[in-house]
Every structure is written in structure tokens, then in C-alpha cells.
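Trainee: Throw the hints in and build the complete structure from the sequences for me.
These protein sequence lines map, in sequence, to chains A and B. When you read off a place in the first sequence, starting at 1, and then add 1155, the result is the number in the numbering used here. When you read off a place in the second sequence, starting at 1, and then add 11, the result is the number in the numbering used here.
Because the hints were derived from the structure by calculation, they are not lab data. There's no promise every hint is true.
Subject to a maximum C-alpha distance of 20 angstroms in a straight line, what follows is the list of computed SDA-like cross-link-like pairs (lysine to any residue) [stated by the list, open to error]:
1) A:K1358 <-> A:D1249
2) A:K1406 <-> B:K58
3) A:K1525 <-> B:F49
4) B:K58 <-> A:N1441
5) A:K1252 <-> A:R1395
6) A:K1544 <-> B:S248
7) A:K1525 <-> B:G72
8) B:K58 <-> A:R1395
9) A:K1529 <-> B:S248
Only part of the chain A face toward chain B is listed, based on derived beta-carbon distances under 10 angstroms [what the hints assert, rightly or not]:
10) D1318
11) Y1368
12) D1440
13) A1443
14) K1477
15) E1481
16) L1532
Because the structure is a prediction, the values reported are computed rather than measured. Every residue, glycine too, gets a C-beta built ideally from N, C-alpha and C.
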Amino acid sequence: MKIKKVLALLLIACMLFALCSCGKKEEKADAHLNVAVSFAYQALDPHLDYCGWNTSMYGICESLFKIDASSTAKPFLLEKAENDGTKWTLTLKDGVKFSNGNKLTADMVRRNLLRAAEVNNRFEYLAGFNYEVVDEKTLVVDTRELLPTLPSDLASPELGMIDLDSTTDFVNNPICTGPFVPVAFTPTGDCEVKRNENYWGGKVTLEGAKFFYLADDESKLYAMQNGEIDVYNSVSAAAREVYSQDPDTYKLVTIPATRLQFYCLNENRLDDSLRRAITLIIDKDNLAEFQNGTVSTTDGPFSRNAAYGKVNVPKTDVAAAKELLEKDGYKLNGDGYYEKDGKVLELKICYYQARQLPTIATALDDQFRKAGIKTVLQSEEDPDATYVKTGDFDIALYCMIADKAGDPYFGLDAMFRQSSKWAIGGFKSDEVETLLDELKVETDTAKRAELANKIVQLVVDEDAFGFLGLFTKTTVLRKGVSGYAENIPFDFYGLEATSTKE
Amino acid sequence: MISEREKTKRKVIVFAVLAAILIVISLIAPLIIPNDPFETNAALMNKGPSEQFPLGTDRYGRCILSRVLMGAKTSIFSSFTVVAVTFVIGLILGLLCGYYGGVLDGILMRFADLMLSFPQMVIAIAVAGIMGGNLVNAMIAMGITAWPAHARLARSTVMKVKEEPYIAAAKLAGCTDFCIMYKYILPNVFGPLLINATTQIGTMMIGIAGLSFLGIGVIPPTPEWGSMINEARAYLSLSPWAVFVPGAAIVITVMVFNYFGDSLRDYIDVNGDSNG
Chain A
1156 MKIKKVLALL LIACMLFALC SCGKKEEKAD AHLNVAVSFA YQALDPHLDY CGWNTSMYGI
1216 CESLFKIDAS STAKPFLLEK AENDGTKWTL TLKDGVKFSN GNKLTADMVR RNLLRAAEVN
1276 NRFEYLAGFN YEVVDEKTLV VDTRELLPTL PSDLASPELG MIDLDSTTDF VNNPICTGPF
1336 VPVAFTPTGD CEVKRNENYW GGKVTLEGAK FFYLADDESK LYAMQNGEID VYNSVSAAAR
1396 EVYSQDPDTY KLVTIPATRL QFYCLNENRL DDSLRRAITL IIDKDNLAEF QNGTVSTTDG
1456 PFSRNAAYGK VNVPKTDVAA AKELLEKDGY KLNGDGYYEK DGKVLELKIC YYQARQLPTI
1516 ATALDDQFRK AGIKTVLQSE EDPDATYVKT GDFDIALYCM IADKAGDPYF GLDAMFRQSS
1576 KWAIGGFKSD EVETLLDELK VETDTAKRAE LANKIVQLVV DEDAFGFLGL FTKTTVLRKG
1636 VSGYAENIPF DFYGLEATST KE
Chain B
12 MISEREKTKR KVIVFAVLAA ILIVISLIAP LIIPNDPFET NAALMNKGPS EQFPLGTDRY
72 GRCILSRVLM GAKTSIFSSF TVVAVTFVIG LILGLLCGYY GGVLDGILMR FADLMLSFPQ
132 MVIAIAVAGI MGGNLVNAMI AMGITAWPAH ARLARSTVMK VKEEPYIAAA KLAGCTDFCI
192 MYKYILPNVF GPLLINATTQ IGTMMIGIAG LSFLGIGVIP PTPEWGSMIN EARAYLSLSP
252 WAVFVPGAAI VITVMVFNYF GDSLRDYIDV NGDSNG
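Mentor: Right, here's the structure in full:
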């Protein structure tokens, strides 16, 4: 019996020792971060499609410039970038090397930019530049025409640097300069990374990280609550409310960002006074209230605080809208809806199931109903393949990053050009086109802001587009986790050399 | 001592009354709702039950009780419509296949086998997904998968009945095929088929609510129980009532219609046995 008791005590002691060891291991912060991401792509090759967004987020790949917390593109792999007219002299930092130890050279930069131009049609224009490799560290890029936005273009995650000579598996294992290297990658799925022992930028704090592809907001919330993940961004309004009730466990970081919620009014189907009435009915403050602090209202596509975000928009005035409709021959019927020539005024609102657009659509439905306008809500899986392509909408809701790096050109060019996809909404203005051409080559920041404000004012005055809200970027981090680019307003940054988990 | 027949008869009456109450509620819903089910109010988002909102409000500040009551109409009548249409289609096809047999029977029944070999919900999701999300498409999607069950049952019952001597007598008396099917076969197969259809109402309700939950059923902001659960699930920990109330409505309604179908079947079985 005694032997049994001794054995039992020994066993308990062993178990306690094992438990203590476990605890110690955790205390050592097992330095592995688990992250949820909302999008997953087919490859880690940053040049393809939008794959670079995730490769950058995974801490694998880096670009020549990096956008900082103030939305300014700053040299990152570069020591400096000097501009003289159409010529840009890019000088690489000393000691920048790939994870295999090879140096990043000026010629490799040139080849990377040309490869991106070849495989990604959004960067085709890079093939039209003239490149001159001066020495191992210096590359002169002649853009042939003035391109003041080159730094922000070169900050794009799609223009990350790969060791093109040594990489054999571009899909699963590109050799890049980032603080982490891929361990396992599932196309359109999860990705695991480990520390880059040769990182040029110094010590990498974490041992590694695993990125779980979780598109569903609730899945991310539950995974966070049960401890399966430590951090993620683009936190939904509902989840934000849940986390904010438990500040001892979660840290919420909310910063102003540049993802824009906007609508396009179809000029081919809505006349001038009807478009103005719609503009007057929409109550942006009310839409923002339903989104629980995840967006801030805006007048134009850019923040009101930016020099290029100054625009005058008409205030919500339902009575004035009704007056306009009645002047236009509409009369309220027995059901409380406006009709003309026996036909009820009905608006088709198209949207997709992301970026809180369903919330906006539902709230808009009620705003229009109260103003006497019937709506039909149409949800589509892929807006670009449906209503943005066919033009079968009265009001099209959409969301995009309008301000890529502290400059208005990218967003204005994407929305208001006669060649843009939004031309389907019928907005065509030669004046706007001319101003956009001017903006493209203008180098003076104050003049750029002035041009941008003029363009947006013209669009607003024609009631062609309406700008509802700018998303704040909300990141939730488990207590003790930090450094997941939570202070940078772009969601293509994530893991960094300084990311930590206590 | 109450006889078995009397017991089942009472059950039928109880569940018929309950089902009738649900139908009446859904019909008069617009008259009894305490608030406008479409009225949003950011100041009243996710509020708990109160005097003004007896079952609380949802994430848009809308009255949940009013939406559940209005949703009853959508949920119950869409299920009724799908079951009625598929019942009629299944009955006609089953009658023709069972009575005539041959190539038509072979083709239609193999097609029905094909439909039955896939999980009903999977086909419905595929059909609704292709056709686009709205209530009519969701009903069509559910209908496409529901008719084979009625047709198979009708066919097998007709094949049994058509061998009866009275059918042969009717043929000898010079009755047309239509006359035989309408006058002598239909009354004999209608009962079992109707019971089957009654039990299908609950399944159909869950199916349509399921499609709406997945976002391929009703278009918001139309109140429907499945879509109400979908809209509220993100706020489950903050305002559980917004999920539980429509959930309870589905459970109760499905249970009532299922029990009604079961009790009706038991009643007819008991009657059949006692008559036999």
C-alpha cells in the first residue's frame, strides 16, 4: 500500500512539474502569433493580382516605399528618392538583402518592376518608363511624363521585391526581403510564416505566425473569444461593441482610414431633379449611427481634414426633396409613395455583402420610404461582374480605397474618368477630364489640392456621386499583443519585425 | 374510457386549432402589430424588451414583435404555396406515371430518382444561388426539390389501387381513363398524399427560412424569420432576443404543423384499421 501511495505522490509531483513547465513555456510568450485575415489569394507572388496585399500583411514581402501613420509614402528599402522633372533617382539602403542572404540590387529592382508590369495589368504603365542602372545601389527611373505620385505607386504591396534569380516556387515560397519567410501556404487559404533569420532590418521579435483565412465576421469574433486568434483588423461594428465591453482582455485600436463608402446615381435613368432629391433625402449621419463608430461621415471622397477634402455638399432636407419631386409632377398615392402618370417612383439600390453596405442599404430603404419613395434592394455577390458592369441600377453602393497615400489622384482617376468603370453611371464631364489631366502632372501640393477640390465639387454639383463615410481602421489585439500595423491606416500592412506577443 | 380513435381525433382537433390560430395571426398581422416593422431608429438599436417594444428591438432599432408577426405571413404562406404547388404537380405526374406506366413513367421516375439522390437543401442553395436571391426564387428552388416525393408516393399508391377489381369494372363499363383517374383513383390516393403534404409544411418552412438565413431568400428589409436570425446573429451576445424570438417562432410553427400532420396520419390509420 505504501509503495502505491509513494508512486501516486510521485505521479502527482510529475504532473505538477509538467504543468509548471507548460506555464513557463507560455510565459516565455511562445512568440507565435495567430492572426485572422478577411481575404485569401491564390499565390504568395506579390506581383500577381492583389496577392501582394496578403504577402505584405504576412510580413514576407516589402516595397521600396512604405506608407506611414500619416499616410505619407516614405522610402523604406530606399535610402532616398530624388526627383528632377520626370527623372527619379532611387538609392537603395545599405545592407538590404533577401531572406537567402542575397543583396537587393538596383538591377533586381528594375527587373521586379518590369515583371510586375508584365503580370499585372494595373501596373502595365511601369513598362513604359525608362530605367537606368547607375550602380549596384542606384536606379534612375525616367517616367517620360511628370508623375508626382510615383512614391505612393512604389509603395503598393504589389510592387514588393522578390529575388527573381533564386526563387523557384513563386506561388508558395517567393524569396523576399521581409522579416518573415513562408513555411506553409494553402492557395486561397491559411499561411504560416517563421522568422527571417537574415532580416536586413535587425532583430525579429516573433518566432512565427499563422494566418487563418476567416471571411466571416462572426467566425473571427468567436475565434478571438475562445483564444484561437490573437489579432485582426477590419473589426465589424457588432464585434467592436462586444470587445469594447471587455477592455481587460482586448485592446481596440481605431484610427481614421481612407476606405470610402459611396454611391453612384445612374444619370441614364434618373433626371437632374430626381438625383438632387435623392441627395437631399440621404442622411449620412443616420447611416453612420447604424455603423457604431466604424465610419465617419464625409463630404467628398477624402477626409474633411485633408487639404483636398474641402467640398460643399447640400445638407439633408427631406422637405426640399419632396418639393422638388412635386414640382416635377410626382404626387403621393394612397400608400404614401410618390407616383407620376400612374407609375410609382421606385429606386433600385444595388449593393454587395461586405463593408457594411447591407446596413447602409437597409437604412437607406427606410429613409426613402419615409420620404415617399419605394426602393428595391438588390444584393449581388460580385458587384464588378453585375451592376457595375451592366449599369442596371438607380443607386449603386460601393466601397474602395480612395486615398492610397495622401494624394487624391488615384481615387479621382478611378471614379470620375470617362474611361473608368463608373462611366456606366452616365457621368461624363470634359471639364473634369481636363482637370484630371492637370492633376496627374501637377507637382505643387497646394495646387493639387485645389484641383482635386474643384473636380469633386463638379461631381457633387451634378449629383453624380455621393460620399457617405470613411471607414476607420479598427484592429483588435489580445492584451500583450502589439505591432500589427494598427496605427497605419491601410490594411495591407500587418506583421512587422517589431510585432510582439507577451 | 376514451377510445384510441377518440384520442387521435382530439389530437387532430387540438393541432388543427393551433395551426388555424397561427394562420389567422399571420393573416391579421398588419392589424395587430404594435409598431411599424420597417421603422428604423439608431437611438433604439439592440434594446431589450420594454413596454413600447415587448420583445425588444434589433440592430436597426426595429420592433422585433412586429417583425415576427409580419414575418409569419411570409414564412407560413410561402411554405403553403410551395407545398400546394408541388403537391398538385406531384399528384398529377404520379397519377399519370402510375396509371399509364411505360416510357413516360420510366423517364419521369428516373428524373425524380435523380432529384431525390441529392440532398434537398444543396440543390435548393444551388438553384437559388444561380437564379438570384429573392423569395420567389427561393420558393422555386424549394419546389424543384419537393415535387419528386409527392410524385413517387402518388405513383406507388396509384399502382396499388389500379389493380383493384372496381377499376377493372369501371373499364368494362366503358369509363374513360380520365374518368377512372378522377372518380375512382384520385379519391383513394388523395388522403395519404394530403397527410404527406401536411407534414411537408414544416420542412418547407425550415427550408425557406434556411435559404433566407443564407441570404438567398427574402430581400431585406422584408420581415422573414430566417433573415431576421441572419441579421441578428452578429449581435447574439449583445441582444440574444433578436435571434431567439424568430428562432422560437420557427420552432413553434414547425412543431405545430408537424404534429398536425402526424396526428392526421394517426387518425386516418386508426380509422383505416377500425374500418378494415
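Trainee: Take the hints in turn and mark each one as holding or not.
Mentor: A quick look at each hint next to the structure:
1. A:K1358 <-> A:D1249: The hint holds at about 16 angstroms.
2. A:K1406 <-> B:K58: Status violated; Cα separation ~26 angstroms.
3. A:K1525 <-> B:F49: Measuring from Cα to Cα gives roughly 10 angstroms; hence the hint holds.
4. B:K58 <-> A:N1441: 18 angstroms, holds
5. A:K1252 <-> A:R1395: Measuring from Cα to Cα gives roughly 39 angstroms; hence the hint is violated.
6. A:K1544 <-> B:S248: 39 angstroms, violated
7. A:K1525 <-> B:G72: 15 angstroms, holds
8. B:K58 <-> A:R1395: It holds: about 17 angstroms lies between the C-alpha atoms, which stays within 20 angstroms.
9. A:K1529 <-> B:S248: 34 angstroms, violated
10. D1318: With a closest approach of 43 angstroms, the D1318 of chain A hint is violated.
11. Y1368: Violated, because the Cβ-Cβ distance from Y1368 of chain A to chain B comes to roughly 19 angstroms (cut-off 10 angstroms).
12. D1440: 9 angstroms, holds
13. A1443: It holds, given that the least Cβ distance between A1443 of chain A and chain B is near 9 angstroms, below 10 angstroms.
14. K1477: 19 angstroms, violated
15. E1481: 23 angstroms, violated
16. L1532: Interface hint status for L1532 of chain A: holds (5 angstroms vs cutoff 10 angstroms).
Violated hints, listed in ascending order, are 2, 5, 6, 9, 10, 11, 14 and 15; each of the other numbered hints is respected by the structure.
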